[in-house]
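Chemist: Residue-level listing of the chains:
There are 2 protein chains.
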Amino acid sequence: MSDKPERTEINTLGEFGLIDHLTNPIKSINKSTLVGIGDDAAAIENGDFVTLISTDMLVEGIHFDLMYSPLKHLGYKAVTTNISDIYAMNGIPKQITFSMALSNKVSVEALEELYEGIRAACKRYNVDLIGGDTTSSLTGLVLSVTAIGQGEKEKIVYRSGAKVGDLICCTGDFGAAYLGLQLLEREKQIYLSNPKIQPNFEGQNYSVGRQLKPEARKDIIEAFQQNKLVPTSMIDVSDGISSELHHICKSSNVGAFLEESGVPIHPDVEMLSIQFNMDPITCALSGGEDYELLFTIDPNDIEKVKYLPDIYISGEIVDASEGIKLHTKGGNIHDLTAQGWTHLKNKD
Amino acid sequence: MSDKPERTEINTLGEFGLIDHLTNPIKSINKSTLVGIGDDAAAIENGDFVTLISTDMLVEGIHFDLMYSPLKHLGYKAVTTNISDIYAMNGIPKQITFSMALSNKVSVEALEELYEGIRAACKRYNVDLIGGDTTSSLTGLVLSVTAIGQGEKEKIVYRSGAKVGDLICCTGDFGAAYLGLQLLEREKQIYLSNPKIQPNFEGQNYSVGRQLKPEARKDIIEAFQQNKLVPTSMIDVSDGISSELHHICKSSNVGAFLEESGVPIHPDVEMLSIQFNMDPITCALSGGEDYELLFTIDPNDIEKVKYLPDIYISGEIVDASEGIKLHTKGGNIHDLTAQGWTHLKNKD
Chain A
1 MSDKPERTEI NTLGEFGLID HLTNPIKSIN KSTLVGIGDD AAAIENGDFV
51 TLISTDMLVE GIHFDLMYSP LKHLGYKAVT TNISDIYAMN GIPKQITFSM
101 ALSNKVSVEA LEELYEGIRA ACKRYNVDLI GGDTTSSLTG LVLSVTAIGQ
151 GEKEKIVYRS GAKVGDLICC TGDFGAAYLG LQLLEREKQI YLSNPKIQPN
201 FEGQNYSVGR QLKPEARKDI IEAFQQNKLV PTSMIDVSDG ISSELHHICK
251 SSNVGAFLEE SGVPIHPDVE MLSIQFNMDP ITCALSGGED YELLFTIDPN
301 DIEKVKYLPD IYISGEIVDA SEGIKLHTKG GNIHDLTAQG WTHLKNKD
Chain B
1 MSDKPERTEI NTLGEFGLID HLTNPIKSIN KSTLVGIGDD AAAIENGDFV
51 TLISTDMLVE GIHFDLMYSP LKHLGYKAVT TNISDIYAMN GIPKQITFSM
101 ALSNKVSVEA LEELYEGIRA ACKRYNVDLI GGDTTSSLTG LVLSVTAIGQ
151 GEKEKIVYRS GAKVGDLICC TGDFGAAYLG LQLLEREKQI YLSNPKIQPN
201 FEGQNYSVGR QLKPEARKDI IEAFQQNKLV PTSMIDVSDG ISSELHHICK
251 SSNVGAFLEE SGVPIHPDVE MLSIQFNMDP ITCALSGGED YELLFTIDPN
301 DIEKVKYLPD IYISGEIVDA SEGIKLHTKG GNIHDLTAQG WTHLKNKD
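Sequence lines, in order, name chains A and B. Numbering-wise (the numbering used here), the first sequence opens with residue 1 and increments by one. Numbering-wise (the numbering used here), the second sequence opens with residue 1 and increments by one.
Treat the hints as calculated values from the structure; they're not laboratory data. Treat the hints with caution; some may be incorrect.
Chain copies aren't distinguished; within one or between two, either way the pair holds.
[Said to hold, decoys possible] DSS-like cross-link-like pairs, simulated, lysine-lysine; straight-line CA separation at most 30 Å: (1) Lys228 x Lys218; (2) Lys306 x Lys218; (3) Lys228 x Lys153; (4) Lys228 x Lys31; (5) Lys304 x Lys218; (6) Lys306 x Lys163; (7) Lys155 x Lys31; (8) Lys228 x Lys188; (9) Lys306 x Lys213; (10) Lys188 x Lys213; (11) Lys304 x Lys155; (12) Lys27 x Lys250; (13) Lys31 x Lys153; (14) Lys155 x Lys213.
Model the full assembly from the supplied sequences, consistent with the hints where possible.
Modeler: Below you can see the structure in the form of structure tokens.
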């Protein structure tokens, strides 16, 4: 390869910018390709049904740290985070493929633990492991999971369907997985500086559990089905509510008005954020890895979600010209920036 | 994670042994899962059609060397080798996902080249790039490609359908990609020992091309369609004919009688193997990365392949009790061992 005079560093574009830059000239040829890059999962037409495909790559030292991530949990998390993307399309995950690159330092027993976690997640979510690839790595462990799901064509929910006047809803609570990670990182540093001090996670099971072994919201998708509710748009929250709400607004060409009081936060997050000298709402909006669902509904459907457990009304979709705003509990209105996970992480 | 007393090294099991060991307790739950682990691609039922899924992971330093693999070729090869698995099921590739983990040393311009190769392959094979994941790597480049294809349920060809009396057929020629790699490795070592000596690939375009930019046998699958031929079993040749024939025999519970004279070898391979002091048939049987098709047909279908270009009759399927044998040009009969790619590589 000849050296080229120009050299643009990747970090000048950012992750989303880089993907846009590389994939922008790509147009679909096959008419079965309903949606390609740019949603939680790709959608492929198969008669009245749609096949949904989502894929993630997890790299040791970037996405997980084997010092505090048990391999069983890692296998479980690798599966659940991927099928979360299928649920985010209002689909049902059916199959996964699991590939890994591994160094010689990994023993067969360690891989058995990893696969125990994969199998546990497959069982919990009724998903079949149908393939994969196993290869060598010169350094750390790399995992790649592809989830395959199915949905009825009329019921697939994209990021792009939000309309002015729609209600913004979310599930569960936010910020715990982020703070769980901060806790794990802090205890790791303490341990590294003095291996005689054992990690202290007392009373922090919730946040640590949310980080190490997240679940996907199968129950919510089933509740939608039972209540004949089809959201107008949906996304799963892997990078924090702010970032995901920006994705919905960009895809739907709308704005949003988010109520701070409508963002559910677990009591443990309120307490733990004080320890880390952080604002709980910042952790909730920008933390990431919650794997909850953020979605919009037609206001006429409000009765369908009002009495459903673990669903919260968090705001309203407005005209694009009004921007994306946060209405704080103190009564102030701020621009909601799309601070993702990475940004927050770099700040620490 | 508590340290366990037992520790089994991965290499005691080998790649196929390891996969068997980890995936053996896995049973499918969803009835749409027709075939999971153990064929070129997984097969998922969708009405009268079958969705085929195949995935590969490619690791820098293991599967490719950026010293001699241009990124454009690498992108092209990552796509073609995956869709070759879809053709090996007698299906038509329709979509791919492409994920990568990359270090900061990769520039945006380098990624543009990689994507140029991906796009070229997508165009050549009428495939849509529908998704993927882009993440950081602490070391080298890791690529993961998933190919999605479609086929008519009645025409999907598995590894398991070979019957006693079937004819063994193959396409193209064998051994060139392996020798191309030897050539690239040799010239790399010469260059490393004295950077003033430029690599010499004169007259070796064929073998080097087969290594760096392999094609998948779209033409053969189209010829099957036109001639209404459905092979009884099929596999693509990524690890050498020997290894692939063992896969077919194991899955179909049969034996095989392979004719050395029925294994096509390109004249360049005959010449080049002399340079490397190797037997051309060894390169053909155990070399790998040819991405040709190895398949079996009902003997009544012989007229359908006899006059098709680039298809060769190489042997016959026999009873499992007769084993897997090679009939040499010299008239000897040997056991055909399943020497894969890795084995050969380690020998050098």
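Chemist: Look at each hint and say if it fits the structure.
Modeler: Taking the hints in turn, this is what the structure says about them:
Within a single copy, Lys228 and Lys218 get their C-alpha atoms as close as 15 Å, which meets the 30 Å cut-off; across copies the closest is 44 Å, which misses it. In the homo-oligomer, the alpha carbons of Lys306 and Lys218 lie at most 30 Å apart inside one protomer (19 Å), although the nearest pairing across protomers, at 54 Å, exceeds that limit. Only within a single protomer do Lys228 and Lys153 lie at most 30 Å apart by alpha-carbon distance; the minimum there is 15 Å, versus 33 Å between protomers. For the identical chains of this complex, Lys228 and Lys31 are neighbours both inside a copy (29 Å) and across copies (25 Å), given an alpha-carbon limit of 30 Å.
For the homomeric pair Lys304 and Lys218, the shortest alpha-carbon distance inside one copy (17 Å) is at most 30 Å, but the shortest distance between copies (50 Å) is not. With identical chains, the CA atoms of Lys306 and Lys163 are at most 30 Å apart within one copy only, with a shortest distance of 19 Å there and 61 Å across copies. In this assembly of identical chains, Lys155 and Lys31 lie within 30 Å of each other by CA distance both inside one copy and across copies; the values are 19 Å within and 22 Å between. For the identical chains of this complex, Lys228 and Lys188 are neighbours neither inside a copy (47 Å) nor across copies (63 Å), given an alpha-carbon limit of 30 Å.
For the homomeric pair Lys306 and Lys213, the shortest alpha-carbon distance inside one copy (28 Å) is at most 30 Å, but the shortest distance between copies (57 Å) is not. For the identical chains of this complex, Lys188 and Lys213 are intra-copy neighbours only, at 18 Å inside a copy versus 46 Å across copies, given an alpha-carbon limit of 30 Å. Taking the closest pair of Cα atoms, Lys304 and Lys155 come within 30 Å of each other only inside a single copy of the chain (16 Å); across copies the shortest separation is 45 Å, beyond that limit. Taking CA atoms no more than 30 Å apart as the test, Lys27 paired with Lys250 passes inside one copy only; the shortest distance there is 19 Å, against 42 Å between copies.
Within a single copy, Lys31 and Lys153 get their C-alpha atoms as close as 14 Å, and across copies as close as 20 Å, so both meet the 30 Å cut-off. Within a single copy, Lys155 and Lys213 get their C-alpha atoms as close as 29 Å, which meets the 30 Å cut-off; across copies the closest is 42 Å, which misses it.
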